[in-house]
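Chemist: Chain A is already provided as a structure; the job is to place chain B on it using the hints.
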Amino acid sequence: MTKKKQVPIIGFEIHVELSTQSKMFCSCPADHFAKEPNTQTCPVCLGLPGALPIPNQKAIEDTVMIGLAFHSEINQETKFDRKHYFYPDLSKSYQISQYDQPICHGGYVTLDSGKKIRLTRIHLEEDTGKLQHRSLNGEAVSLVDFNRSGVPLVEFVSEPDLSNSIEVKEFLKKIRRTVRALGVSNADMEKGSMRLEANISIGDPDNLPDYKVEIKNVNSFRYICNAIDYELKRQQKLLDQGEKLTQETRGWNQEKKETFSQRIKEESADYRYFPEPDIPPISISNDLVEDIKKNLPQLPQEKIDQLTKLGIEKRFADHIADNPAHVNLVVALADQKDIDINKLANYIVNGKINPDQSTDQVKKLYLALTDLGITDTKIIEKAVDTVIKKNQKAVSDYQAGNQNTLGFLIGQVMQETQGKANPQSISKVLLVKLKNSQ
Amino acid sequence: MTKKLHQLSIKEIHQGLEKKEFTVQELIEHLLKRIDKYNPDLNIFLTINPNAIKHAQEIDKQIAKEGITKPLQGIPIAIKDNFLTKDLVTTASSKLLKRYLPQYESTVTQKLRDAGAIIIGKTNMDAWAHGSSTETSDFGSTLNPWDKGRLPGGSSGGSTAAVAAELVPVAMGTETAGSVRQPAAWCGVVGFKPTYGRVSRYGCIAMASSTDSPGPIARNVHDAALVTSVIAGQDKYDATTSPLPVKKYHTQLNRQDLKGVKVGLVKEYLIDGMDKQVKKLVLDAAEHLKSLGAQVDEVSLLDPKYSISVYTILQRAEVSSNLARFDGVRYAQDRQSFSEEAKRRIMLGTYTLSAGYRDAYYKKALAVRTKIVNEFDQVFKKYDLILGAVSPTPALKKGASAKNPLFGEMQDVLVEPSSIAGLTSISLPCGFVDKMPIAIQLTAKQFNESTVFSVADVYQQTTDFQQFPDLK
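Chains A and B are the protein sequences, given in the same order. With numbering that gives the first Met the number 0, letter number 299 in the first sequence gets 298, and the count goes up by one each step, no holes. With numbering that gives the first Met the number 0, letter number 419 in the second sequence gets 418, and the count goes up by one each step, no holes.
With the rest of the complex left out, here is chain A (with noise of 0.2 Å):
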């Protein structure tokens, strides 16, 4: 018997919030974020009978400069489709999605490696509403949020060309930071605006296996990353063991380490859908496209090369090249001769600079944690003679045994000196003379 192939074989979904001013078919507010439920909401959003959707243009724009930043291809003709089921949070109890003619179809994502992750399409839905169950007067009740109901979304599919949770992990960062540079969503976990499901199984990538095993709502790379970790050993197991393995849903419980069956898929969901008659056929024009293309901001790898010609770091450009107003403020100070620039992506990377400030505070920060100070020994000794004469109850003190007024103390040499002293020094003269005063 010819031993099967075995390998993991992963693939992900990942939607993205667009951060548009206003909801993908109406004019409401699409920033959702911690807002009074149920205040951001119209008839179209509630799916009010009668009220149609209107499609929102920046939003099919802008997932036209995803799908260019990920080398998609963009369909001239493009449309809606609706995809039904029934679900509290889902007003009209459809979305309005793409189905056969998605915005973006093919793109990928490369890796440091080299290697390519191919993206099946990128297409442009809208958000469904959110549950809330809680307990009202003492009765449990699921309460529906519908601000969040209509706002824009973009998926991403992948083909199932990942291996191990190393590659997952580099390649949603790269989506994350691209889709941060594009400036359309602040792709943030936490926050619920990128979700990710991840489709796992172990067998022949060139003759997939019968079964996939979706993992869903996990909020942070790291869990996600730990998640498959744990799938492809329970499945390996299982596999070993010869067992069957089936089609269902799995969750992360990150404090037992392990996933759990959420739902058994016996067969793929039937979402009947056809094209969205609300919504006549849409047709990107090549001017549009190439437009975009023209103003499409620098790409995160771009950004890096351009940092690590400076003389950066990868480790350090890697991290600043998440935030374009970041890479913004290391470039704007690149060519000042007295800023060591790997030095000064050191401090941002290591927390030690906040880079949220403008360039001239940053400046000065990098230069207080740089600059030495005086180091010259006859005028600190100068000033501590000065501090020692004008502070004779601090120092009793400290001879008795308070050691807090050296602190105090040195930071009255600080300002003798107007704060141009190195501290280190300061402290080696003071305690030399607190001694010999003794």
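No wet-lab data here; the hints were simulated from the structure. Predicted model, so just to flag it, every value in this text is computed and none were measured. A portion of the hints provided could be inaccurate.
Below are the DMTMM-like pairs computed for lysine to aspartate or glutamate, each with C-alpha atoms no more than 20 Å apart in a straight line [as the list claims (entries may be wrong)]:
#1 A/LYS82 / B/ASP326
#2 B/LYS362 / A/GLU76
#3 A/LYS82 / B/ASP358
#4 B/LYS362 / A/ASP99
#5 A/LYS342 / A/ASP359
#6 A/LYS313 / A/ASP334
#7 A/LYS78 / B/ASP358
#8 A/LYS129 / B/ASP326
#9 B/LYS362 / A/ASP269
Label pairs and their computed distance ranges (CB to CB) [to be verified]:
#10 A/GLY105 / B/SER353: 27 to 37 Å
#11 A/ASN327 / B/PRO242: 39 to 49 Å
#12 A/ASN327 / B/LYS363: 53 to 63 Å
#13 B/ASP333 / A/GLY241: 45 to 55 Å
All residues carry an ideal CB built from backbone N, CA and C; glycine is no exception.
Modeler: Just chain B now, kept in the frame of chain A:
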């Protein structure tokens, strides 16, 4: 003045108001009295606007001050109960929405209000517009004012009966396939279907979104044209409305004859099973058009029976989707409140959209729809209008729909092709069979409303088939 207040057209009401022969309040009070008298029997109105008189008083004040400044100022209008009206319960004749007070106003009714019209009440219809008789209404069938033993047709049967019974001069209906033209034919009034996308569907409870077209019902072609010019136009709330400019259709009714007009008489539409006398009246109408100078030729189109299949599949699919939002979570009623017909349509639509069947049904229907559209395009290369009967029979007797779930489709066989193709068409009386009104329809290519109105107007001006029943 020889005519009674309820016999006046829009133009005549405005003339009377200008000459101060009566006030808007008097007109509304007169019509409300008539409604009080006849409505319990005919079951036309589901809701009467309690503020109609107050509204009339306000308009009287406006007119006293500035004269008539708006196209429908002081004109009473009845509204089919599938247009959302903020101050009036809107049910679509379904128990499921029996207490539903809309949170917003439909574009059509807003435009009518802005033009000065007074909504006098909401009219009965087939529940969810599912039918061609009003017999599927959860609130009982409307009766035909010409013969209370007969049906008014549907689904806009309440609105067409309201105009026929002279309870209002004009009313609003909606067509998905024939739901204005067919009841207009059976009630003997003018019913107009605009091009799909000419009039906004915003705030109109959806039946089949890809063919729904709101249209007016009136005493004459002029009034239908006037109301159309008020309600038509692009709507920022309806992505399927056309940006083409709207004409003042009622001011373009200046034809004296039909010289140069080419009319196609579709031989496939003179179907087997059509009442012989109805057929004769249609041929007579063709002769009349000829006598006015039109060229009338026999033309050929795809057998309308294919339209029934296409329409049934597409419409049921869209119905199953559009009604899904009434999921029992909101609107205070669960899905049991759907009546048999709605349930049947939801089931059929769900089936045809299901995986494995969609290609066989939905996709094939879309392909045939394209063929139907192309066929019309070919005919309209040579002809301005297509002439045909609206309904193969006069109004049928009560109970006729109950035995046949496809009753509507059989009734609407002659109006469905033009609906599927999104064309514009008018139904207007062309004679009587068994003392019941019969109608022809004139259909033009998309956005050719002007042609339809101007030819229909000449026809109506030169015939005397536009009559009203004696209600006793």
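Chemist: Evaluate each hint against the coordinates.
Modeler: Hint check results:
1. A/LYS82 / B/ASP326: Cα-Cα ~16 Å, so holds.
2. B/LYS362 / A/GLU76: holds, 18 Å
3. A/LYS82 / B/ASP358: Holds: A/LYS82 and B/ASP358 sit about 16 Å apart, inside 20 Å.
4. B/LYS362 / A/ASP99: The hint holds at about 13 Å.
5. A/LYS342 / A/ASP359: holds, 17 Å
6. A/LYS313 / A/ASP334: holds, 19 Å
7. A/LYS78 / B/ASP358: holds, 18 Å
8. A/LYS129 / B/ASP326: Measuring from Cα to Cα gives roughly 17 Å; hence the hint holds.
9. B/LYS362 / A/ASP269: Holds. B/LYS362 to A/ASP269 sits at ~16 Å (cutoff 20 Å).
10. A/GLY105 / B/SER353: 27 to 37 Å: Between A/GLY105 and B/SER353, where Cβ atoms are some 29 Å apart, the hint holds.
11. A/ASN327 / B/PRO242: 39 to 49 Å: Check passed, 42 Å falls within 39 to 49 Å.
12. A/ASN327 / B/LYS363: 53 to 63 Å: holds, 56 Å
13. B/ASP333 / A/GLY241: 45 to 55 Å: holds, 48 Å
In summary, this structure violates none of the numbered hints.
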